[in-house]
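Enquirer: Add chain B to chain A, keeping to what the hints say.
Number of protein chains: 2
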Amino acid sequence: MNEGIYDINLPQNMANFEALSPVTFIERAASVHPNKLAVVHEGIRRNWKETYERCCQLADALIQHGINKGDTVSIMCPNLPEHFEAHFGVPMSGAVLNSINTRLDAATVAFILEHSEAKILITEKEMSPVVKEALMLMKDKPFVIDVEDPSYTEGELIGDITYDAFIAKGDSSFAWKNPSNEWDAITLNYTSGTTGNPKGVVYHHRGAYLNAVSNAMSWGMPNQARYLWTLPMFHCNGWCFPWTVAALAGVNVCLRHVRPERVMQLVKEEKVDHLCGAPIVLSMITALPDEDKAGVNHTVKVMTAGAPPPASVIQGMEAMGFAITHTYGLTETYGPCVVCEWNDEWDDHSDDEKAKLKSRQGVRAPMQEGLMIADPVDMKPLPKDGKSIGEIFLRGNIVMKGYLKNTKTTEEAFVGGWFHTGDLAVWHEDNYIEIKDRSKDIIISGGENISSIEIEDTLVSHPSIKDVAVVAKKDEKWGEVPCAFIGLNEGAVLTEEEIIDFCREKMARFKVPKKIVFVDLPRTSTGKVQKFILREWAEQ
Amino acid sequence: MNEGIYDINLPQNMANFEALSPVTFIERAASVHPNKLAVVHEGIRRNWKETYERCCQLADALIQHGINKGDTVSIMCPNLPEHFEAHFGVPMSGAVLNSINTRLDAATVAFILEHSEAKILITEKEMSPVVKEALMLMKDKPFVIDVEDPSYTEGELIGDITYDAFIAKGDSSFAWKNPSNEWDAITLNYTSGTTGNPKGVVYHHRGAYLNAVSNAMSWGMPNQARYLWTLPMFHCNGWCFPWTVAALAGVNVCLRHVRPERVMQLVKEEKVDHLCGAPIVLSMITALPDEDKAGVNHTVKVMTAGAPPPASVIQGMEAMGFAITHTYGLTETYGPCVVCEWNDEWDDHSDDEKAKLKSRQGVRAPMQEGLMIADPVDMKPLPKDGKSIGEIFLRGNIVMKGYLKNTKTTEEAFVGGWFHTGDLAVWHEDNYIEIKDRSKDIIISGGENISSIEIEDTLVSHPSIKDVAVVAKKDEKWGEVPCAFIGLNEGAVLTEEEIIDFCREKMARFKVPKKIVFVDLPRTSTGKVQKFILREWAEQ
Chain A
1 MNEGIYDINL PQNMANFEAL SPVTFIERAA SVHPNKLAVV HEGIRRNWKE
51 TYERCCQLAD ALIQHGINKG DTVSIMCPNL PEHFEAHFGV PMSGAVLNSI
101 NTRLDAATVA FILEHSEAKI LITEKEMSPV VKEALMLMKD KPFVIDVEDP
151 SYTEGELIGD ITYDAFIAKG DSSFAWKNPS NEWDAITLNY TSGTTGNPKG
201 VVYHHRGAYL NAVSNAMSWG MPNQARYLWT LPMFHCNGWC FPWTVAALAG
251 VNVCLRHVRP ERVMQLVKEE KVDHLCGAPI VLSMITALPD EDKAGVNHTV
301 KVMTAGAPPP ASVIQGMEAM GFAITHTYGL TETYGPCVVC EWNDEWDDHS
351 DDEKAKLKSR QGVRAPMQEG LMIADPVDMK PLPKDGKSIG EIFLRGNIVM
401 KGYLKNTKTT EEAFVGGWFH TGDLAVWHED NYIEIKDRSK DIIISGGENI
451 SSIEIEDTLV SHPSIKDVAV VAKKDEKWGE VPCAFIGLNE GAVLTEEEII
501 DFCREKMARF KVPKKIVFVD LPRTSTGKVQ KFILREWAEQ
Chain B
541 MNEGIYDINL PQNMANFEAL SPVTFIERAA SVHPNKLAVV HEGIRRNWKE
591 TYERCCQLAD ALIQHGINKG DTVSIMCPNL PEHFEAHFGV PMSGAVLNSI
641 NTRLDAATVA FILEHSEAKI LITEKEMSPV VKEALMLMKD KPFVIDVEDP
691 SYTEGELIGD ITYDAFIAKG DSSFAWKNPS NEWDAITLNY TSGTTGNPKG
741 VVYHHRGAYL NAVSNAMSWG MPNQARYLWT LPMFHCNGWC FPWTVAALAG
791 VNVCLRHVRP ERVMQLVKEE KVDHLCGAPI VLSMITALPD EDKAGVNHTV
841 KVMTAGAPPP ASVIQGMEAM GFAITHTYGL TETYGPCVVC EWNDEWDDHS
891 DDEKAKLKSR QGVRAPMQEG LMIADPVDMK PLPKDGKSIG EIFLRGNIVM
941 KGYLKNTKTT EEAFVGGWFH TGDLAVWHED NYIEIKDRSK DIIISGGENI
991 SSIEIEDTLV SHPSIKDVAV VAKKDEKWGE VPCAFIGLNE GAVLTEEEII
1041 DFCREKMARF KVPKKIVFVD LPRTSTGKVQ KFILREWAEQ
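Residue numbers (our numbering), protein chains in the order written: chain A, 1 to 540; chain B, 541 to 1080.
Please keep in mind that the hints were generated in silico from the structure rather than gathered at the bench. None of these values were measured; they are calculated from a predicted model. Every clue listed holds true.
One side only, chain B facing chain A, incomplete, derived with CB under 8 Å:
| no. | residue |
| --- | --- |
| 1 | V636 |
| 2 | G936 |
| 3 | N937 |
| 4 | W958 |
Taking CB as the label site, the calculated pair distances span:
| no. | chain 1 | residue 1 | chain 2 | residue 2 | range |
| --- | --- | --- | --- | --- | --- |
| 5 | B | S712 | A | K380 | 18 to 24 Å |
| 6 | A | D385 | B | E952 | 56 to 62 Å |
| 7 | B | K920 | A | K169 | 29 to 35 Å |
| 8 | B | G962 | A | K69 | 34 to 40 Å |
| 9 | B | I548 | A | K474 | 38 to 44 Å |
| 10 | A | A287 | B | H838 | 34 to 40 Å |
| 11 | B | S712 | A | H298 | 40 to 46 Å |
| 12 | A | G386 | B | I548 | 38 to 44 Å |
| 13 | A | G321 | B | E809 | 26 to 32 Å |
| 14 | B | E969 | A | I44 | 22 to 28 Å |
| 15 | B | K808 | A | D347 | 19 to 25 Å |
| 16 | B | E952 | A | K69 | 33 to 39 Å |
Positions of the beta carbon are idealized from the N, C-alpha and C atoms, including for glycine.
Okay, chain A solo, but in the shape it has when bound (with noise of 0.2 Å):
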C-alpha cells in the first residue's frame, strides 16, 4: 500500500506520545488535589502530596540500594499504606511489583521469591512466622524490608531495614522516569493454582492504566471515590484498583482483616461509597446484628467476584442499600474483564429474577476488546441459546504479557490469537455469559456433560446445607457420576438418603449425585475448595 498523506511526517514524538503508565495518576492526584485525603489506616491520614512523596522516596531509595530496571521487588503484607505505595514507588524505580497472597504457605512463599529472582522482599510483622520459614528455605536471600505498622502490636521484625527508615534515604521530590514502552512488565502476580508450582503472571503498564480505567467507567466512579480495601492488594494488584484511586484522587481506607463488624464501622465512619470482595465478604456482612448494618445514609457499590453470589446474599445487601455488581476475570486479564451491566428494563422483574440476572458473569468489560463462548477444540463460536456449554476465551488490552519463564504454557495459553480461560460457560441470547464449570471440573457422564456448579447450586439452597462441592467419580458403567462433598449448618441433621430425594426432585437423574460425603471442606488460601483432593477422596 502506498504511504497515504496521513503518514508523511506525522510521526510520533515527545509532545504527542507518552507511555500508557498508572504511575501518571499519582502525578496527577498529588499535583491537582495535593491536599485532599489518600489513605487512612487507624490513626494514619496523609494527603496525596504527602502519599506522592513517600512514593518518590521509595522509588529513590530502590534505586539508591541498586535495584536496576526489570529487576523484581516482592511484598508480602497486608492492606495497609505502604502496599498502596509500593504499587507506584516500585514501577517508579523502573522495577516489577510483585505481591504475595499473605495465607501462603512457607514452601510456596520461598518458590515465589526464587522463581520470581526478587532483589527485595517488603514484609510485614503478621508475616514473619511465614516468611522467616520461608527465607531459611532460601539459598540466595532478598534484601528484607519491614512494614512496621504501630496500630499492630503482634509479631517481630525480621528484617535488614524497616520500611521507614528505608525510604527516609529517599529523595521525595526524586524525578522518576515514565517507562518507554508501555509493554514494559509492571507487575508479576502468581497464580494460586489448586494443583503444581504456581504460574508467574506478568502485567504491562499499558494494561495496568487501561483496567484501572475500565474499572472506573464500567462502575460509572465519580472523582474523589471513597474505596475500602476489603479485597486484598495481592489479588491481581486489588483488581487494578490502587491505580483506579489514584486516577480518581480518591480515598484508600485500609483494612488489615476483612472483619464484618470493622468493614460496616469504616462504611459509616469514612462515608465509604465503592467496596470489592469475594461473595463470603458479602455474606459475613449481611449476617451481622441489625444493629451494625444500620446507620448507612449512601449508597455503598459492591463488587464482586469469584463465584455467583447467592440471591439471598444479594437481596440481604440490597437492602441495606448495597448496590452489587458481579464480575469475572482472572489473574490473567489484571482482574475483573466481564461485568455484569445492570440493565434498566431488568428493574421490574422479581426480586429472584434480578438476582438470578446478577448472578450471571456479564459481557465484556469497557477496555476488554474481545469475549466469546466457543468450542475448547476447534475454537467456533457457540450459539447464544442460553445451553451451549463452551469455553470462555478474552482477548484484548487487559490479557496478560504472559507467565514469567514459562514460555510453553504461555503459548498455550494464547493458542489461536485468544486467551484460552479454562471456564466452562453458556452464552445468553442478550450477550450475556454465564459460568457452567472450570474445564476440568465438568463431569462427563454416559457421554452427557454435566455441570458440577449446576449440582452445587441445587444442593445449596437447602436449608441444611452450608457448603458443598461436586466432583467426578470414576464409575464403570457411566464413565463417570458426581459425588458430593457436604458440610451441613450447625445443628442441621440430613441423610445421605434425603438429600438424594431432594436432589431428584430438582433435577434430570442423571445429574443426581451417586454418592455424598458429609466433610469439612478443603480450601486453599485464597478460600478456593481443593477440587483435586476432592477427586481422590472420591475413589476411597
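Expert: For chain B alone, coordinates are given in the frame of chain A:
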C-alpha cells in the same frame, strides 16, 4: 542493557494486544445494550443495534464505492444522527473523517475539500447554498451524498445520492476491521484561524479513544448518560463526545440549531443530564423567561470552554440546578485537555469567589500527561505565583498527530518536545492555570505586558457594555497602547470619557485604553472576534 526476565518470550500477540480505537465502543454498546436508545432526533428514535448496523452499512457502502484506507471522507452537516454515524462508519471503512464547520463560506469549504483530497462529501439540505458554490469553485469534485432530514423542509438536494440510499447498498453485518496501528489517522479537523488558510489537524485512533475516556473520567459520567448535542460535532469531533457517548451506551439527543427554548424543552423531555457549549450558549439559556427555565428536576452537567464563563452566567445556571465545569483545549488537543476540576475545599467560598475559581482554565485532564506555563522562548517553567505570564505548553497522548501536509508548521508546533499553544496564562499556586491572552494579542506598552483579556474583563463588567475586544494600537511614545472596541446594550448611552474614567478606577493607568471605538464586533463563523480586522481599524 541485558534482556531481563520480563522481556523474554512475552511478546504482543492477537490475544493480548489490540489497537486502541473508539470505534470498538459502538460494537460493545450494540452487543451489550442493543435495545437501548442511542439516537434521538425529532421523530427518529434508534437503538444501539440499529445505529451500529447503519454504521456498518455506511462502512461497507464506502468500501464498495472504492474508498481505501487513508482516504478522506468529508461531512458538512448539523448535529444529526447521520453525523454521529459518520464518526464510526467512516473510520470502520479505514477512511478518515473530515467534519467541516457548517458556518464556513464557500471559498473556505472548497479550500478544505481540495486540501484534504476528499473523495466523498456528505452534505445536508441546510448547507446546499454554500456547498453548491464551493463545488463550482473546484476542479476535481468529490462524490456528494445528501443527508435527507424529513423534519427539515427547506433547502434542496444537490448530491449524487441520498445518504439512506447510499448506505442501503451496505451490509448491516459488515465485518469491519479495527486498525492494526492505533497511530492511524481517524479524523481531520481544520482550525478556523483568524487569518490565513485553515490548518488540517490530524487525530489518531489512540488519541480519540483516550480523550473519549478522559471526558467520561473527568466528568464522572455514568453509563447511559443522556447527552444533548449543543456543541457542534464539527468542533474537534464534538470534543470526542460521539465516542464517549458510545463508550457509555448513552443517548445522543440531536439538535439542528442551538435555540435556548428547544434546549430546555429537550432537557426536560429527554431528561438530558450532560451537555457542552460555549459560554454564549449558557448566556442564552440564563436569559430565557422563568417559565422556560422551570421544571428541571434533575442535575444537568454542563462543560464549557472557549472563554471563561462570566460569574453572572455561572450563578444563573447553577440557580437552575445546572453544574458548570470550565475546560480549556484547542483543536490540536482533541478538544478539552485542561479542566477546572472542582475542589470541595472551595464549597464554603462566596458565590463570587466560586465563580472566579471556576473561570480559571484548570489542571490537566486525566489522560493528558503534561501541562506547563513556561517562557515562550527558552521553555523554562515559570513560578506558580499567579502573576508571571508565560505560554501554555502541553504534551501527552491527547495532542494531535500534526498538521496535514504542513511539515514546517507541525515541527514548529512541537519544538522542544511540547506542543506550543500560543496562549498566554499564569500558573496559580494550586497548579490551576488561568489564561491571560493569545500570544499575538498581548499588548506591549512601554516595555510592560498588558493582557487584553484583563482589560476586556474589566470593561464587560460595566452594566452598559455588552461586548468588547481590546487590541494593540501603534504609538510613537509607548510602542503600543490599548485600543478598545465596544458594543453597548440596547438603549445604553456611554461616552468615551466615561469609559476611560471607569477604567482608571479599576486598573493601572498604563493599562487604560487610549482609544475607544463604538462598533458591532466582526466575528468568524465560529464566533471568534476577528482581532486582525480590529488591528487595522485601530490604526485608522
